[in-house]
Every structure is written in structure tokens, then in C-alpha cells.
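Sequence order for the protein chains is A and B. By the working numbering, the letter at position 198 of the first sequence is numbered 198, and the numbering carries on one by one without gaps. Just so we're on the same page, the working numbering is the position in the second sequence counted from 1, plus 311.
Source of the hints: derived by calculation from the structure; they are not laboratory data. All C-beta atoms, glycine included, are put in the ideal place defined by N, C-alpha and C. Where hints are given, some of them may not hold.
List of simulated lysine-lysine pairs, DSS-like, C-alpha gap at most 25 Å [what the hints assert, rightly or not]:
(1) B:K314 <-> A:K74
(2) B:K324 <-> A:K107
(3) B:K324 <-> B:K467
(4) A:K176 <-> A:K74
(5) A:K75 <-> B:K386
(6) A:K26 <-> A:K75
(7) A:K74 <-> B:K491
(8) A:K5 <-> A:K233
(9) A:K227 <-> A:K176
(10) B:K324 <-> A:K67
(11) B:K386 <-> A:K135
If you want the footprint, here are the derived chain B segments under chain A, 3+ residues with CB under 8 Å [unchecked claim]:
(12) 334-341
(13) 377-390
(14) 434-443
This is what each chain is made of:
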Amino acid sequence: MLTAKNVTKYFGGFQALKDISFEINKGDIVGFLGQNGAGKTTLMRILTSYLPATSGRVIIAGEDVTKNSLAIRKKIGYLPENPPLYVDMTTRDYLKFAAQIKDVPSKQQHSQIDKVLTECDLKGVQNKTIRFLSKGYKQRVGIAQAIINDPEILILDEPTIGLDPVQIIQVRNLIKNLEYKRTVILSTHILPEIQQIAKRVLIIKAGEIIVDKYLKELFEKQGGQQKVFLRVKGKKDQIERAIKEITNFKQIDINSCDDLHSIKLEIINNVGHYNELTDKISKTNSYILEIKEIESSLEDVFLGLHSTKTD
Amino acid sequence: MSKIIAIAKKELKSYFSSPIAYIVLIITISVFNIFFFMIIDQNREATLRDIFQIMEFLFIFIVPLLTMKIFSEEKLTGTMEFLMTTPTSTTAIVLGKYLGSLIFFTLIIGLTSSYYFIIELFGRPDRLAMLVGYLGIWIEGALFIAIGMLASSWTKSQIIAAMSSYITLFLLYFSISFIKYFSGTAETLIRYIGTWSHAENFSVGLITTGDLVYYVSGIIICIALTKLSIENRLWR
């Protein structure tokens, strides 16, 4: 669907992207993750043909974005970091203008506008001037223009930046609903966002892709060991001795308050024998009050990777 | 073509959603009216020749106010990125924007058509000369708009865009004043580039191929340079 081959971008003497290559398949939901200034926006601008690469190629559906950019742009819906809105227009007029210049056939424009207004929950503000909409609504209008031509690829640059928590949830849900229909590429510097929306992550650092993996694979490989949390009532030394006897668990943390202990264990080799764990602890005349698995967050993985690369 | 019209409509609507357009419109028409009645009262001639010259001079001040936002505002607000990532060619974007501004300018000229009817009511004007005069100020305004649009494509700042337009239009308009300091080819060139001699012919009812070529080629060059200026991000 989308292939980037050895993409490099210079701004004067500054190298913003360094020999980036990746492929995105149809239906993928890919997150570009990186700190501010890592090169995410530049990469997205190259993918949308807004900026040309200094060297390298981007091919979308078999066509080079620089050689056949008008044809490529028909297949793309793009939301830049700041939603590109004509604030003196009403929501409906703006979407009509977007439909007209995005080659939506005139007979379908009305129904298509109604469709995206419903999808983005904008019916209530369709006749309001955009200037007077909240930031969350403006963001949704921006997403609505990006999907007005039913694009095969949706590219969203920091879609939740600057929104309040409620608006963030609304926009994330909207993106989640869109992803079933098309390939989605979104950039963010917010880790949980990737975890909640994307299936695959490209971590970009100083213009280079340092990780390109599906999230599942990433968790398994990097810090993907599952952890177990235990709350136990009993004698601390006896409990610790019992845990040491079990080969599949390794104690990594314990917090005690009188005879109540909160214990964090790591499962070795991703195989945890819970029967053995509960049996051994019970034999010390202790009571297990709570036991649950804790999954590593993307933040753990990211920090792990970041420190690895820095080292 | 439909995209050019869509962009032109948007551009035209944007003029009417901003108070600047109304202020420009009211002030322009008021100033024109004052000059019209002053000139008619003083000369007692059934001609618009003098008022055309006044209009031409005032357009130097008015047109940059209309054109300064054409691209500067889009660059500043980020909507340029939206336009340039839609399946719309740069040519269509530039032509659409130019057309929108030209229609607004034509509206200003249209509002002065009452002068013709007033003169027709009280005298026997040379109708053809008057129509040619109108064509002259319209085509000159069309060139001014193309120059203003080009200046607007250079920068995000509307002030810089307006100042660049003023400098260019002043040079074109007042170049005739400096002609005495030049001779030979330079003199011929300055005389040709300046607007004075070309506008003068139209205002007396004379259409020459040379004048038409001057204005039309000037407009085409400015539109082509605007397109290049918009696409210059490709070389960044």
C-alpha cells in the first residue's frame, strides 16, 4: 500500500530524516512515535507530497508521490498538526468546499457531507461558524475534512494535541471508529495514544526509525515479561523464602505494612505456574488476598528502548 | 474548472466575511464620488477621463489592501497545507484565488458605473471612449491584483505583502517621473514598463495592441511567478 525507500530530508544543512525505509500494508493502523522535533511531521508531509524528499522515494498504491502527486492526493486524507480550517465559514460550508476541491462528485457531495457530519458527531454544529467552536470540535471538523473524499489512507499528525481529557477520549474514539475502513497513520508523542489506537509502531528518534514493530511483538521482545502483583497476609521472611523456591517467578519488589505485603513478581520465560506459587505461599500459613497479572506498558518498553539506544 | 470556481467563490466570500472589505468598499466609493462630483462641477464636460486617472491613482493604495491576505493568511493559518495536499493543482489554486479577487475588484468598478448614467442624463458623452476607459482601469486593476497576489505569495505577513505591493506599484506608476534621468534603451524600457503611458491611451478611448500585450503579459507573468513562488517549497 505504502512504501518509503531510503527517504532522506535536509533543511539547509540540517538532516531532518536519515535514510528512512518502511512499508505499510493495507488496513494497518500505524503510529509514528517520537519526541517533538524527531521528524514525524516532516515524514508525514513527505508522505502527503506536501514536501519532497531530498533523496529516496515514497510509493503509494504503485505510484511515486512526487511524480504523480495529484493522483496520490486523491487517495489520501490528511490532518496537519494544526487543523487547517477557514474559521469564517460554517462547518457545513467548509466541508462543502473540501468536498469540491477533493473531487467528490457533485451529486454525492450532499450525502457525503451528511455522512461525515454523522461520523464525526458534528450534526449539531453544522451551521455554526467554525471560529466559535471549541478546540475539540475544531479537531473533529479537521478530521471530517480529511475523510470527506473517503480516502484509502488517513494521515493524522498529532490528532489529540492541545485537547482536554474529555476531548482526547472523543477524538480517540472517532479515530478508532474510522480505522476499520482504511489504513491509518498517526503521529504522536503520547505513548498511551499509540497503545490505544495503533497496532504497529514506528519509533522515530532524531530522524531515524529506531523501532518498527507490531505492538504485540514489541511487548513480547522488549520488556514484554508479564508481571504479577500479590497481596499476602503472613510472615515476610517465610513468604520470600517460598517465592525463591519457585523457578518461574522472580521477586522484584516488596512493600510491607505489619503482616500485610504487596509483592511484585516477574514471570521468567513467560511461563507462570500459578498453582505452585499459591501452594507454596499457602504452606507458610499465609493468606493470599489478591493476585493479578500486570502487563508492561508501552512507556516501559519505550524507556527500555530509549535507554538501550542511548547506551 | 469547477475547482477554480469553488476557490474563487471561497475567496469572494472571505472578502465579505471580513470588515476590511466593507471598509475598503465604502471608503473607495465615497472618495470616488467626491472626486466625480468635484471634477464634473469644475470641468462641466461629459467625460470620465479625469476621474479614470484619479481612480487609477487611488487603486495603487486600495488594491494592496485587497490582495495582501490572498496567500499570506493561508500560510499563516496553515490552510495552505490543506490546499496543497488536496488533489488540486497549484495552477487551479492560483487562478481561483486571482479570479475571486478580480471579481471583488470588478464589483468596485461596477459600483462606479452610475457615473456613466449620470453623465448620459445631463450630456452627450462619447460612449465608446467611456467604455474603453472602463476597460482600461479594469485591466490595470487586474494587473495590480496580479502583482499584489504575487507579493502575498512571498510571505506569511500581510503587512510585508502590502508593503511589497505598494513599492512595486509605486515604481510602476511613478517611473515616468524619473524618465528624464535616463536615455536610450533604459529610457525606452522604463517608459514601456511604467503604467502611465498605457493607461493614458485607454483613458482617451484608444485601444492599442501594445497596451493590451503589456497588461495581459504582465498579468500572465505575475500569475506564473505566483505559481512558482507557491511551489518553491519543493526546493527548500
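Evaluation of the provided hints:
no.	hint	in the structure
1	B:K314 <-> A:K74	14 Å, holds
2	B:K324 <-> A:K107	23 Å, holds
3	B:K324 <-> B:K467	21 Å, holds
4	A:K176 <-> A:K74	22 Å, holds
5	A:K75 <-> B:K386	24 Å, holds
6	A:K26 <-> A:K75	12 Å, holds
7	A:K74 <-> B:K491	57 Å, violated
8	A:K5 <-> A:K233	58 Å, violated
9	A:K227 <-> A:K176	28 Å, violated
10	B:K324 <-> A:K67	34 Å, violated
11	B:K386 <-> A:K135	20 Å, holds
12	334-341	violated (count 0)
13	377-390	holds (count 3)
14	434-443	violated (count 0)
Against the hints set out earlier in the document, violations occur for numbers 7, 8, 9, 10, 12 and 14.
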